[in-house]
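As they're listed, the protein sequences go chains D and S.
Number 108 in this note's numbering belongs to position 108 of the first sequence; there are no gaps in the numbering.
Number 351 in this note's numbering belongs to position 351 of the second sequence; there are no gaps in the numbering.
Read the hints as simulated data drawn from the structure, not as lab findings.
Heads up, a few of these hints could be off.
Each pair may be met inside one copy or between any two copies, as identical chains are not told apart.
To be verified - EDC-like cross-link-like pairs, simulated, lysine to aspartate or glutamate; straight-line CA separation at most 20 Å:
1. K174 with D321
2. K41 with D133
3. K365 with D331
4. K365 with D169
5. K365 with E302
6. K174 with D83
7. K258 with D62
8. K265 with D133
9. K265 with D62
10. K41 with D335
11. K365 with D335
12. K339 with E221
13. K328 with D251
14. K227 with D335
There are 2 protein chains.
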Amino acid sequence: MDRRKFLRSGAIAATGATLAAPAIAQASPSVTWRLASSYPKSLDTLFASSEEMAKAVYELTDGQFEIQVFAGGELVPPLGIADSVGDGTVEMGHTGSYFYMGKDPAFAFGTAMPWSGNARQYQAWMHEGGGNDLINEVLTNFNLINMPAGNTGTQMAGWYRKEINSLEDLKGLKMRIGGLGGTVMSRMGVIPQQIAGADMYPALERGVLDAIEFVGPADDEKLGFYKVAKFYYAPAFWEPSGELSYFINADAHAALPKHFQAALKHASRSSGAQLLHRYDTRNAAALQRLLAEGVQVRTMPEEILRESYRQTHMLYAEMSDQSASFKKIHDHMFDFMDKARTFTNISDFAFDYVGYQAQQGNWPKS
Amino acid sequence: MDRRKFLRSGAIAATGATLAAPAIAQASPSVTWRLASSYPKSLDTLFASSEEMAKAVYELTDGQFEIQVFAGGELVPPLGIADSVGDGTVEMGHTGSYFYMGKDPAFAFGTAMPWSGNARQYQAWMHEGGGNDLINEVLTNFNLINMPAGNTGTQMAGWYRKEINSLEDLKGLKMRIGGLGGTVMSRMGVIPQQIAGADMYPALERGVLDAIEFVGPADDEKLGFYKVAKFYYAPAFWEPSGELSYFINADAHAALPKHFQAALKHASRSSGAQLLHRYDTRNAAALQRLLAEGVQVRTMPEEILRESYRQTHMLYAEMSDQSASFKKIHDHMFDFMDKARTFTNISDFAFDYVGYQAQQGNWPKS
Chain D
1 MDRRKFLRSG AIAATGATLA APAIAQASPS VTWRLASSYP KSLDTLFASS
51 EEMAKAVYEL TDGQFEIQVF AGGELVPPLG IADSVGDGTV EMGHTGSYFY
101 MGKDPAFAFG TAMPWSGNAR QYQAWMHEGG GNDLINEVLT NFNLINMPAG
151 NTGTQMAGWY RKEINSLEDL KGLKMRIGGL GGTVMSRMGV IPQQIAGADM
201 YPALERGVLD AIEFVGPADD EKLGFYKVAK FYYAPAFWEP SGELSYFINA
251 DAHAALPKHF QAALKHASRS SGAQLLHRYD TRNAAALQRL LAEGVQVRTM
301 PEEILRESYR QTHMLYAEMS DQSASFKKIH DHMFDFMDKA RTFTNISDFA
351 FDYVGYQAQQ GNWPKS
Chain S
1 MDRRKFLRSG AIAATGATLA APAIAQASPS VTWRLASSYP KSLDTLFASS
51 EEMAKAVYEL TDGQFEIQVF AGGELVPPLG IADSVGDGTV EMGHTGSYFY
101 MGKDPAFAFG TAMPWSGNAR QYQAWMHEGG GNDLINEVLT NFNLINMPAG
151 NTGTQMAGWY RKEINSLEDL KGLKMRIGGL GGTVMSRMGV IPQQIAGADM
201 YPALERGVLD AIEFVGPADD EKLGFYKVAK FYYAPAFWEP SGELSYFINA
251 DAHAALPKHF QAALKHASRS SGAQLLHRYD TRNAAALQRL LAEGVQVRTM
301 PEEILRESYR QTHMLYAEMS DQSASFKKIH DHMFDFMDKA RTFTNISDFA
351 FDYVGYQAQQ GNWPKS
């Protein structure tokens with residue numbers, strides 16, 4: 001990447017909130033924060049969500065509380081958000097909590113857990129079921145507060161150069177996948193690779209990689225994977241939902257007036273809800289275009305799903321043995337998900353199922 | 001109902017926002033609005049959501065904008081919200097948009113449409129797909145602005161004294177059901193009845209009604225239907241999602257300072273998102289209790305679903321012939337839903353499906 005060009009575009013991002021201010025705004029805000037993102041501006045659905053949160057805070061406080069948004073790498077390393085926010089280098093970050101599970105495995109619960117729940121179930125657990133409170137009990141040790149920042153929905157299991165028909169087909173498969181999903185896949189024979197954004201496409205094109213998992217149709221389409229890998233698999237059992245995080249420095253938060261704290265809370269929830277609506281809308285449209293390009297959608301074979309389910313739960317048992325905080329949150333989450341799934345089966349899933357029958361079966365409309 | 005007791009509890013609701021104010025709040029707010037609800041306080045999940053919205057607005061504006069919340073019937077008739085808000089009797093209402101489809105069929109789209117989409121798909125259409133803008137083009141004729149207020153999720157098809165095994169079993173069935181769902185059911189032989197809240201349970205108990213549809217496990221459990229009707233059917237094809245509405249007087253909204261408008265917008269979105277999380281959490285817990293009481297959950301037979309699908313689309317064709325605004329919004333919504341469903345099938349539905357297989361099939365965890 002051209003570093004100067006990157007810095008210029010970053011500078012525009014940093015002043016975006018100011019440009020969007022109403023003409024009657026105060027001459028200078030009483031509080032100015034800096035938000036460091038893990039994400040580049042090119043991931044526009046994700047990145048714009050943090051700008052919209054900042055804009056909402058600015059509007060809600062009549063220009064008195066300004067959050068300046070900086071793209072990934074501009075101020076601090078993209079995967080160094082937890083440290084940079086915790087030590088006060090920046091007051092706030094936009095990131096994926098699970099990047100930091102090396103500090104404490106409890107960080108994983110802030111984003112996605114293999115074989116947990118869909119976005120509705122996950123967000124219910126976080127916001128109403130007590131999940132985020134449990135996460136924040138751990139994050140307080142790092143001087144951090146986690147505010148959920150919206151969800152991608154169930155992600156895709158990625159792009160594969162060849163069809164995957166059995167567990168045998170995973171043996172030796174070089175795949176770009178990280179986190180707990182990468183650990184589970186490695187126990188099924190996959191060779192997980194960590195490859196940064198710009199290098200993914202050429203690696204898949206040249207066969208350095210056999211497969212790549214990223215997000216879903218809207219983000220994946222931009223990176224062009226469909227041009228070099230024909231098979232698009234569903235679903236990502238490792239990310240049945242993917243929540244983003246705002247990390248906030250706990251001292252900086254405590255120093256805010258109450259109505260600025262309220263602005264942060266409600267702007268995060270509002271822009272977070274909008275993020276999922278936007279992903280749902282853009283993913284649906286992008287999928288239409290990908291199908292028109294001849295992309296072959298496949299579902300992971302049951303043999304692989306069953307083995308991944310077994311490996312996932314064995315991994316959870318190991319991690320629970322090693323970490324009391326992991327076990328506490330894990331047990332709470334999965335108890336919640338079991339009950340949530342029983343209800344979903346007779347509500348949204350039941351309707352989705354018959355809606356699918358009607359659509360696929362062309363049920364008569366007259 | 002004891003009217004004095006009702007008024008007393010209403011008075012507490014009206015001052016609830018004041019009691020929750022921070023100690024340092026201003027002596028008197030600069031703007032005070034009254035919100036009239038269609039709902040009684042006893043529907044606590046729904047009703048509390050409007051109180052939480054008002055509390056958020058109060059906190060966001062540091063006590064400068066107070067919205068006083070009044071329960072259904074206290075200020076204006078529960079189903080008279082559109083008129084009362086439009087003519088400025090109150091500045092704001094909390095209601096179901098579809099109650100007012102007699103004014104214009106476009107009001108129906110603000111709540112639920114038979115055989116449309118689940119809550120994720122519906123909210124994506126409303127907030128990101130342009131749906132709410134289309135609805136507000138019509139509501140402006142009534143001096144109203146619609147702000148989506150959160151969703152119940154896919155509702156249940158209700159409580160039945162006898163099993164429903166075929167279309168024949170619907171003939172002459174006396175059922176409490178209204179709106180477009182009632183029209184579709186009447187074309188399949190059901191005799192729809194409109195029965196008010198407190199009268200529903202005794203009517204079902206005495207056999208004046210054979211069936212009742214209401215909301216979902218959490219709300220239904222409170223009304224005790226499971227004690228007198230054993231069979232609980234899924235899903236409500238007529239309410240695959242149920243969105244609540246805030247109606248706002250357009251003149252009153254235009255007169256607000258911009259940051260008060262921002263407070264209304266983000267407080268509605270934030271408390272609306274929370275409403276769905278709360279329904280999901282409470283419905284899952286209530287279902288566990290209902291199952292323990294011996295409730296028999298059933299899925300509507302395919303014969304009935306197919307016929308309801310046909311009748312629904314024939315009704316839409318008739319309504320589109322009669323109303324250009326209905327046709328415009330209908331075509332926009334169902335085009336969106338077709339694409340959304342195609343994507344859901346390979347994302348959340350695909351995961352829900354395998355999650356269900358794993359749970360029901362007790363896939364090995366070690």
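Numbered hints the structure breaks, given as an ascending list: 1, 2, 4, 6, 10, 13 and 14
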